[in-house]
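Using the sequences and the accompanying hints, generate a full structural model.
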Amino acid sequence: MTKTLRMALLGATSFALLAACGDKTETTTQTKEEKGPAFASTYTPQPSETTLITNAHIIDGTGRDIESGSILLTDGKITAIGVDVNLEAAVTIDAGGKYVTPGIIDIHSHLGNYPTPSVSAHGDGNEVTSPVTSEVYAEHGVWPQDPGFDEALQGGVTTLHILPGSANLFGGRGVTLRNIPARTVQEMKFPEAPYTLKMACGENPKRVYGNKGGPGSRMGNVAGYRKNWIKAQAYKKKRDNAGDDFQRDLQLETLADVLDGKILVQMHCYRADEMVQILDLAKEFDYKVTTFHHAVEAYKIGDYLKENDTCAAMWADWYGFKMESYDGILENVPFVHAAGACAMIHSDDEQGIQRLNQEVAKTWAHGNRAGLNISKAEAWKWLSTNPAKALGILDETGTLEVGKRADIVMWSADPFTTYARPEKVFLDGALLFDKESGLKPKSDFRLGFGG
Amino acid sequence: MTVFKALTAALLFSSAVNIANAQDFFISNAKLVTNTSQNPMENADIIIRGGKIAQMGVGLSAPQTAEIIEANGNWVTPGLFAPFSRLGLMDIGGEDVTNDTGSEGSHTSVSELASDSFNPKAVFVANTRRLGVTHAVISPSAVGDSIFGGTGAVINLSGDYDSVETPRAFVFVQLGESGTRRAGGSRAAALQQLRSALKDALAFPGRYSGPEDGDALSRQDASAFVGAARGQMPLMISANRAMDMLNIIALKDDFKNLDIIILGAVEAWQIADELAAADIKVMIDPHQNLPSSFESVGARLDNVIILDEAGVDYAITNASALGIQRPATLAQHAGNAVGNGLEWNKAFAAITSTPAKWFGQNGTISNGDDASLVVWDGDPLNVTSAPIHMLINGERQSLESRQTALRDRYNPTSEDKRLHKYR
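Sequence order for the protein chains is Y and B. Here the first sequence stands for residues 1 to 451, numbered as in the working numbering. Here the second sequence stands for residues 1001 to 1423, numbered as in the working numbering.
Watch out, some of these pointers could steer you wrong.
[Stated by the list, open to error] Below are the BS3-like pairs computed for lysine-lysine, each with C-alpha atoms no more than 25 angstroms apart in a straight line:
| id | chain 1 | residue 1 | chain 2 | residue 2 |
| --- | --- | --- | --- | --- |
| 1 | Y | K262 | Y | K236 |
| 2 | B | K1252 | B | K1357 |
| 3 | B | K1357 | Y | K306 |
| 4 | Y | K322 | B | K1421 |
| 5 | Y | K35 | Y | K212 |
| 6 | Y | K306 | Y | K212 |
| 7 | Y | K236 | Y | K283 |
| 8 | Y | K238 | Y | K288 |
| 9 | Y | K306 | B | K1417 |
| 10 | Y | K283 | Y | K231 |
| 11 | Y | K322 | B | K1357 |
| 12 | Y | K212 | Y | K262 |
[Unchecked claim] Now the stretches of chain Y that chain B is said to cover, found in silico as 3 or more residues with beta-carbon under 8 angstroms:
| id | stretch |
| --- | --- |
| 13 | 144-154 |
| 14 | 293-304 |
| 15 | 316-330 |
| 16 | 381-390 |
Think of the hints as simulated: they come from the structure by calculation, not from any bench. Cβ coordinates follow ideal geometry from the N, Cα and C atoms, glycine included.
This is how it looks when you write it as structure tokens:
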């Protein structure tokens, strides 16, 4: 089935697809408002050569596992994938049976807005001045020189989502970044990727604001969401009917964009019962919760998540640091997956983001030990496919399919082991990390300390 | 007092009886890692008698009375020894009333014993045990205006009430950025507090016989510091900057008997030869490769490799907040050291026999050792592996915990269709 089909289509379909992609970009540019979006992406793929990787064990992110396959990267896109056939390319890499996978996508990172060194001057991830700060944008607090970006790249992370922290009910807008070594955040912004809205449940908002005018309880949290969604509904109505002289309100604009379906809700929520209350909140105001983050108790409500088409982003084994995280189990991700819901791994950590494949390997093994029978190829979806879906970029990346961005990792060994490390990382077909030649980025911060 | 003594005697007596009556075990067909030989012994059988390793070899026969554990070719290794943790000192980090790791407002420092706060029934103990850790160092944390955390202990993870094995195992002190904050704001103040405290302890009790007491420590704390000051137990010092560690080496020149373990040691690779020459031990996290503070700007992934080449005595730990709370992922950290080039044997020793020996334990499987071992379903340093059997001091351990209870209640493969609370 997976034989030479894709390869055979190389000449026709894939180039057609490429052309289609090009057209699409042009049309969208033309139909933009005159001034274009604020803080627009200036991301430009690095120059790349046509590269053929052969003799690779390919896990493609769609659930497919090709034991000896090839993949062709042309002009930054995947133009062919399948079992070995003879193809000419400027660069040919014999993978020697090594694993090749999609680049990893971390849907929950604070690289750049809680960078290292973690001095107080670097705490730019939480606007802890009011429980409602939907007007702030995570990208305005991202320092592109965070050395964590460079290490994450060497861990195989090609796309990552930077969120505001969880102090507030409405924390602000999250931004999706290409993990390209850059001077500005605009150079990293994933072109056309939708914005997200960070919201937070539970202990954090009520703890932070309990003595600062509230919310001071979970009741107050929910009342706070509802009051602001009511305001957003009124704002949206006004905006829908307004002409050119409409005065924008940044705070309500973000919420109204959620109600318009343009912004995806990423919600920090640990407890099962609380997540289901949030699903009801979304029904009341007719919006969608795209993903629950840190969903430590998601395994208790896999059925609800499936029914609502809401994803859960989880850790393999973080739990117990606060009451709402006390019920963490090691099988959370596979149990949610087994319930038919959209499950994924996330890091929330500058160390964890470097080894997300190991986190998946851990939880995958625990799940199978508990009686499930999930293949590695299926479990890989937790690393790239489902995060891409939850960020609204699955048509561009997250799997190795013809026409998609060539975001690719070649591994030293089976990525479902502790010992595997990325050997080559391609972003849009350009080699940005290469263990063999020593090619790797180095932040300005790391210069000149000696040693 | 008499009643107390009688009770103590009864307890000692009963535990001695238990050991004499301990179940014997025969572990068959193991891929046996002993930490005493270079390569694992294949097809090994192990006889455990009276709680101790009695015999190992190929083709042994099971003693009549022994319970047989079939390893079926699987790995058998010494149990993991967590070199630094706060296991059993808290239920939930974020809830102060459940958190005994440090005492902000107390008037004591060195004399505070982690073993007094230890709760063997804290759920993290069993949750960590089921992942292969049989023993752990537990340490109090410095949170007030003293650089001293207190006196740490060695415990086993049986969850039994008598699982503290060494109540006074080491003294923990914080230098570097955290100690600096405790001492009042500078490295100079922190180091001086430590020097003064050492002098107080070495001059105890004489210095305390007059109306003046010590320069840095109260009478009770000076008394508690005597053992570490004399080198009779380790002095564990947290530090990351190379210059801070050189100052610790200089301290050892002045106080020659100190048995120093440096915790953190992120920049140790810069002074690896000096550490080896000074016979100072280090405890490092091979994941730490980011300049997370200005005292660790030299962080790099091959710190452990460079220390190994220089002949430094090192243990591997998980230094993240959660890793300290419950060192369940210790093996992953050692495994990553292997992934980055360290020999498997050395990495495994760094989470078993190396730290065990520092604290007076074995961490090996040799004849006469207390039988604390694990049968694994795969390579113990691989994240996909987990224990299938465990013994601590010759007693079989449960691999169930609160986490497995939750797992079983919500397992999607469960046939049980009752409401969850009845499962």
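Now for the hints, and whether the structure bears them out:
1. Of the pairs offered as hints, the one joining K262 of chain Y and K236 of chain Y holds, with about 13 angstroms between alpha carbons and a cut-off of 25 angstroms not exceeded.
2. This hinted pair checks out: K1252 of chain B and K1357 of chain B have alpha carbons roughly 21 angstroms apart, not beyond 25 angstroms.
3. A hinted pair counts as satisfied when its Cα atoms are at most 25 angstroms apart, and K1357 of chain B with K306 of chain Y does not qualify at roughly 51 angstroms.
4. Taking the CA atoms of K322 of chain Y and K1421 of chain B, the gap is near 23 angstroms; set against the 25 angstroms cutoff, the hint holds.
5. The straight-line distance between the Cα atoms of K35 of chain Y and K212 of chain Y is roughly 40 angstroms, outside the 25 angstroms bound, and the hint therefore fails.
6. Only pairs whose Cα atoms come within 25 angstroms are accepted, and K306 of chain Y paired with K212 of chain Y is rejected, the gap being roughly 37 angstroms.
7. Between the alpha carbons of K236 of chain Y and K283 of chain Y the distance comes to roughly 17 angstroms, so the proposed pair stays at or under 25 angstroms and holds.
8. Among the hinted pairs, K238 of chain Y with K288 of chain Y is consistent with the structure: their alpha-carbon atoms are about 21 angstroms apart, no more than 25 angstroms.
9. Distance hint between K306 of chain Y and K1417 of chain B is fulfilled; the C-alpha atoms sit about 19 angstroms from each other, no more than 25 angstroms.
10. For a cut-off of 25 angstroms, the pair hint linking K283 of chain Y to K231 of chain Y stands: about 16 angstroms separates their Cα positions.
11. The suggested pairing of K322 of chain Y with K1357 of chain B is violated, with an alpha-carbon distance near 34 angstroms, which exceeds 25 angstroms.
12. At roughly 32 angstroms between alpha-carbon atoms, K212 of chain Y and K262 of chain Y are farther apart than 25 angstroms, so this suggested pair is violated.
13. Requiring three or more residues with a Cβ within less than 8 angstroms of a Cβ of chain B, the coverage given for the stretch 144-154 of chain Y holds, as 3 such residues are present.
14. For a cut-off of 8 angstroms, the count of residues in the stretch 293-304 of chain Y with a CB near a CB of chain B stands at 3, and the three-residue condition holds.
15. Three residues within the 8 angstroms Cβ limit are the bar, and the stretch 316-330 of chain Y against chain B gives 11, so the coverage statement holds.
16. Note: the stretch 381-390 of chain Y has 0 residues with beta-carbon separation from chain B under 8 angstroms; the three-residue rule is not met and the coverage is violated.
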